[in-house]
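K.L.:
Letter by letter, the chains look like this.
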Amino acid sequence: MTQLAAVIRGLLHRGGSTLVIFLVSIAAVAAAAAGPIYYEASRTSVLRDLTANKPLISWGFEASVTGPVAGVESILTSGVIGQLDLEFGTRNVSRLFKPPIMSLEGSGNYPLYNANFPVVWRTDECAHLRFSGTCPQAANQILVGQSAARVAGWHTGQVLRNTGWPALKITGIYQTPDLNSPYWAPRAASYFPAEEQVIGSGGPGGGGASFDAVFTARSTLGNAPARQQGAAVMDVYLNSAGIRQSDIGALGPKMTDFTTSQNLALQGVIVSSQVYTTTAQIEGNWRTIAVPVLLVTLEVLTLSWLLLFMAVSDAVEARGPEVALAKLRGHGRWRTLVFGLSEPVILLLAALPLGMVIGWLAAGALGRLDLGPGTPTAVPGLAWAAAGVATAGGLAAVILAAQRTLRRGVVQEFRRSGRRGADRGWVMDAILLTGSAAGLLELGVTGRIGSAHSGVLSLLVPGLLGMAVAVVASRLLPLACRAAYEWTGKRGGLAAFLAIRHIARRAGGTRTTIVLATSFALTSFAVAAWAVSQANYRLVAQTRSGAPVVLTVTPPAGRSLPAIVDRLDPRGTKAAVVDNFVSLTGSSAGDVTLGVDPSRFAHVAFWPGSFRPSDLNALARRLEPTPPDPLVLTGNAMRMRVDVRKLSLPGELLTANVTTGATPVNLGSLPAHGAVTLRGPLVGCPCVLESLSLGESGKDIQRGLINTAVNVNLTIESIELHVDGRWRPVPARFLHSAATWREGLHDNPPDKITAGPRGLSWQVFTVPVSQSPTLASANRPAALPALIPSTLLRGRTGPVAGVNFEGNSLALEPIGVTAVPGAPGNGVIVDRQYAELASNEDFTFVNQQVWTTAAAEHRIVAGLKAAGVVVGSVSTEAGVQAALARQGPGLASTLFLADAAAAALLAVGAAILNLYLSARRRRYEYAALEASGIKRSTLRRALLIELAVVLGFGTIVGIAAGLGAAALVLRAIPEFVSYPSAPPLVYTPPAVPLAVLLGVAISALVVASIIASTSLISGVKSDQLREAPA
Amino acid sequence: MSETPERERATATATVHCDGLVQVYGTPGLEVTALRGVDLDVAEGETVALLGPSGAGKSTLMWLFAGLIKPTAGVVEVCGRRMNDISGRQAAKMRLREVGMVMQNPGRNLLPYESAIGNVLFAQSPTRRTPKAKRRRAAGLLEAIGLASVAHRPAGRLSGGEQQRLAVAVALANGPRLLLADEPTSQLDLRSAAAVIDLLRAANEDLGTTMLVVTHDPAVGKAFQRTVTIRDGRVGAEGRAGEEFLVVGKDGSIQLPTDLLEVLPPGTLARAVRIPDGVALHRADMDGSGDLDALRGPDSTSPAGGQRP
Ligand SMILES: Nc1ncnc2c1ncn2[C@@H]1O[C@H](COP(=O)(O)OP(=O)(O)O)[C@@H](O)[C@H]1O
Ligand SMILES: [Mg+2]
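Here the protein sequences line up with chains E and P, keeping their order. As numbered in the numbering used here, residues 1 to 1030 make up the first sequence, in order. As numbered in the numbering used here, residues 1 to 309 make up the second sequence, in order.
Wrong hints could be hidden among the right ones.
[Said to hold, decoys possible] Per label pair, the in silico range of CB-to-CB distance:
1. E:Leu494 <-> P:Gly29: 35 to 43 Å
2. E:Tyr485 <-> P:Pro265: 44 to 52 Å
3. P:Thr33 <-> E:Gly952: 44 to 52 Å
4. E:Thr434 <-> P:Pro53: 33 to 41 Å
[Claimed, not checked] Residues of chain E clear of chain P, computed beta-carbon distances all greater than 10 Å:
5. Ala6
6. His13
7. Gln146
8. Gly268
9. Leu328
10. Phe414
11. Ala709
12. Asn711
13. Gly756
14. Val861
To be clear, the hints were calculated from the coordinates, so they are not data collected in a lab. Here a beta-carbon is modelled for each residue, glycine too, at the ideal position from N, C-alpha and C.
Using the sequences and the hints, build the whole thing.
P.N.:
Shown next as structure tokens:
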């Protein structure tokens, strides 16, 4: 006990070096432990990110059995539960899976509308629906959907008969729920078919309408009529909260086994699941974190060991006289060893728990910065092991550092001339240089350097390069000072002379330089890598997202979204409507077609300065050349007067294609010769006349004229619309300018379209009868100007084929751009209105979006909601960026930055304390110098210069080495799990973070140097002269 | 060389015995000969002051006795043990039990951050005594040297005299048979020096500790039974009861006292003339005969003081 007290008194006596050793030991342990802790936490974060909002199929399974409704439930439940238990073990099932959502599904028919509707019981259905009335409690009570109630005129209390079920009593009417919610999403398509259609299109007596499901009590289905066929469906999500990291490896294969289980198949249970794609994705993402975390931890750990070795060497060296005293007093070898090592060893051991805690806190703090919110930071066994390794390394460093001192004889210790540490020799330098040269060579040979090959091994380059540069630089500094010696002797003033002399005397090079240069090399590299990756995340997030905020919306039926947005943002600078169509098959021009309002788009979309062409406004203007206005049809009927000169197939039908999405307007048959007035009804107009086309009448086919060619020559003399009971002609230009029309079938020979005083003449030459000669309204450019990623164009210039909103081919006039906002590498941007015209205004498969600026988000969202628009998902650029930064490589780069910054801080602290202590040992000398008449301020300046030169040199050399390493390998450092094809990434480190690093480092050094030199020189007293030079 | 019976007896009871002790420092090429043939015996319970100019080899001698270094040649025996081939471990054991040492530099003898009593305990710590016994003994020692009042003050904050007394107490902590003290009163004022000397004397009288003390302080010489003057790596003179004697070395060499060097300055040739109870030295150039050839005659005695640097 008293011995421990003595050790502690000794530690306090050597406060400075005790503090350094303690801090460095803590840092080593913390760095070692933080890696695995952070790794564990980031894996959890990745796991959560990748499983959140996953569709059932990707993160769960759906099992179903079909058959007589009354009996299917028990087959399904027993089959699935049994098989799950078998596959995963009974105890694990409740941990791995959320409680199943059961459904029993039958179907009914409402004879009046001949409408079919599902009859469904689903677990807790009433809790997931908003409804008026009451929840069905007893058999044959039902909730009906709002849309069906409106169409069919149902009301609460009504009893539906002849539906295939016993009389069903309506107890309430529900509103359509959020179809994307996890509860409804798996079955939404079958339960809410009406949401997919234009409501009310089928009237009474119409055929084959589908109503939304009616929800009922379980007993309705349990007691279903025997003839009722149906299904029991079980939707089971995996339970992300209960799933451990260790479960993931086996989860995919086990789920596949479960899905393909023979047992279930024999019982008629069909299971669908693709969990293995998700687990593979998770594991892939994890792999991207593992190696960088390991390398980064190793690098920082090595640096800590180096620091520890140096600090302990100094401390043990400082204890040399005490060790000698112990020997003098006849302490045995073992006792002397204990006496000599007890201080650093106790420090190391004390640092273990503390470092662990600090590592845990640091990893936690880092996690809060960049991991998914609420990610827990657990301490895995690996962290303890790593901390143990760090401590063991520290002990080894202690023993290595101490052995010289412990072996030294008493007389040697007391009679040593000066305290010059032995030259460290060239062995260490040789090893470091060879190692780094070999490392760089290896990377050079494998082609990782300077290439965009992502290789985590490149993370070793900064460490290797930093070390190599550091050892060389540490030799150079004394040499340079020796060279400057003469000069300062003559001209540099006394202070500079004294400072330079001191540095020059260190033959073995300054360890301080090594430590500082190495750690600043790591830090500046880490800052550069981090800044570059953040900049790239931002760039990619901006282009992926397209705009600061992207709202996916559903406008209320029958209302135009652009009109609503126009009202919310009349100046057109804050919000833009974007039609987003994702083609499942793709086209040569891209998979995603974005229809935009050019000028609004130019205001709202991201267009980073690095994009070419750089002027988005000019580009936007090129999207909308002004063609003639469309021919808008109003009223309830149209008629045309046509003079036929020649029609090789008399009786051809003339149809007007209009943009209502409904059937073309059938105008009637043409005679072989002579004038005729044709007429047809207009339903659902105003609408745009897209084209007029000639189609075969059924008679042609009967007459076996399939292989005949058609030749036409006719003149359209007038087009009139029946509005408010009167016939009114369409504007004259549509008949008196050939420019308002163009050929619809691009065949050979081309059609001939001319305008004359009599009207519009149209000549068609030899078109096969199977095709329809078409006269198209030139209401949009023939080929839509489109912004297409240059990578996709691969140098093509002529028109290319894209897809319209119906998934059909759309001719595009490409304008190559760096990347397309919203769909960087595979998107096409066209004018929205033209694209809608080119798609017959068919929105079935279009995601309607509103892009807004960040500032306007809340106002626009509120306005949209007020206008009845349902805002589905909201995606923000910031969110996308955060998600990218939360992937493996992003997490690794943050860890690297944090670790390297901590190491640099530590190195600076250790370096300053080291210099301080060495200067303190020279106080005798300073006292002598003062006694010889040198002014105190000169001494202070000398010390300040010495500190500044040594510290500044190490720092600057280190930063330069780090930036050199960055230039070599930054491209090879993994940044993404999957690299975007566009836009091209930028690898020039932004200047600001580096300037901040340099500024912080230099000001910290300057402040510390000033404090150290001032306090040291003011502590010099002349009676120190009496003390023996220690 | 046969020893007289008297001398043999002395050796048997000698605490320190050395014979033809040579100590050469340094690596080949850069050698410093610190001792060049020292013959010295210190009897049990004797108090001896080692005098001599700085660089004469006094400290070296002490280190040899303490087993901190091994002699280049010659024999050292301390407390009946041959130190030439003693192991480091045995030497440590000796320093613990039998040889106390006060080093030349006062700061070197103490752990500055430890209390006075802590320093004494530190010296005792390897012994097998019970902690209580150790404490009692330490307290007693401090009491004896008059430091009881500052027993718990860190040694680094004691005055020079107190530190030096404490150093002696620490060296005496385990009741050694031999105390080696290297300039224990240097850097001290007269009163403090006197206190240290009293302490040493008391230890000798009370415990019978053999004392070998390097000093420049005439007061020490007076207080001690014998003075031995080391010059140029040899025992030059011995003083007993205030009287100074020359010591004839094994090779017959003698070192003249410095005051006689005026008469026979270094480099003079002298003629040794046998007289009834000894030898008289006469300067060859002063007794009329300038014939140097005669001096080189085969029957003439070899010149004394022949060591030339
Ligand atoms: N460790 C050593 N290495 C080399 N020379 C030494 C060493 N210790 C002492 N000397 C030399 O030996 C000679 C005697 O030294 P020392 O015994 O300290 O003399 P004293 O104590 O009488 O002043 C001196 O010339 C000194 O320089
Ligand atoms: Mg000496």
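K.L.:
Evaluate each hint against the coordinates.
P.N.:
Hint check results:
The hint said 35 to 43 Å for the Cβ distance between Leu494 of chain E and Gly29 of chain P, and at roughly 38 Å that hint holds. The hint said 44 to 52 Å for the Cβ distance between Tyr485 of chain E and Pro265 of chain P, and at roughly 46 Å that hint holds. Against the hinted window of 44 to 52 Å, the Cβ-Cβ separation of Thr33 of chain P and Gly952 of chain E comes to about 49 Å, which satisfies the hint. For the pair Thr434 of chain E and Pro53 of chain P, the beta carbons lie near 55 Å from each other, so the given range of 33 to 41 Å is not met.
For Ala6 of chain E, the shortest C-beta to C-beta distance to chain P comes to about 6 Å, within the 10 Å cut-off, and the non-interface label is violated. For His13 of chain E, the shortest C-beta to C-beta distance to chain P comes to about 3 Å, within the 10 Å cut-off, and the non-interface label is violated. Every C-beta of chain P lies more than 10 Å from that of Gln146 of chain E, the closest at about 86 Å, which supports listing it as non-interface. Chain P leaves Gly268 of chain E outside its interface by the beta-carbon criterion, the shortest separation being 85 Å against a cut-off of 10 Å.
A beta-carbon of chain P is positioned within 10 Å of the beta-carbon of Leu328 of chain E; the least distance is around 6 Å. At the 10 Å boundary, the C-beta of Phe414 of chain E falls inside the reach of chain P, the nearest C-beta of that chain being 6 Å off. Distance check on Ala709 of chain E: its Cβ is at least 113 Å (rounded) from any Cβ of chain P, clearing the 10 Å threshold; non-interface status holds. Non-interface status of Asn711 of chain E relative to chain P is upheld: no Cβ of that chain comes within 10 Å, the nearest being about 116 Å off.
Separation of Gly756 of chain E from chain P is adequate, the least Cβ-Cβ distance of about 116 Å exceeding the 10 Å criterion. Remark: the non-interface label on Val861 of chain E is consistent with the geometry, its nearest Cβ contact in chain P lying 69 Å away (cut-off 10 Å).
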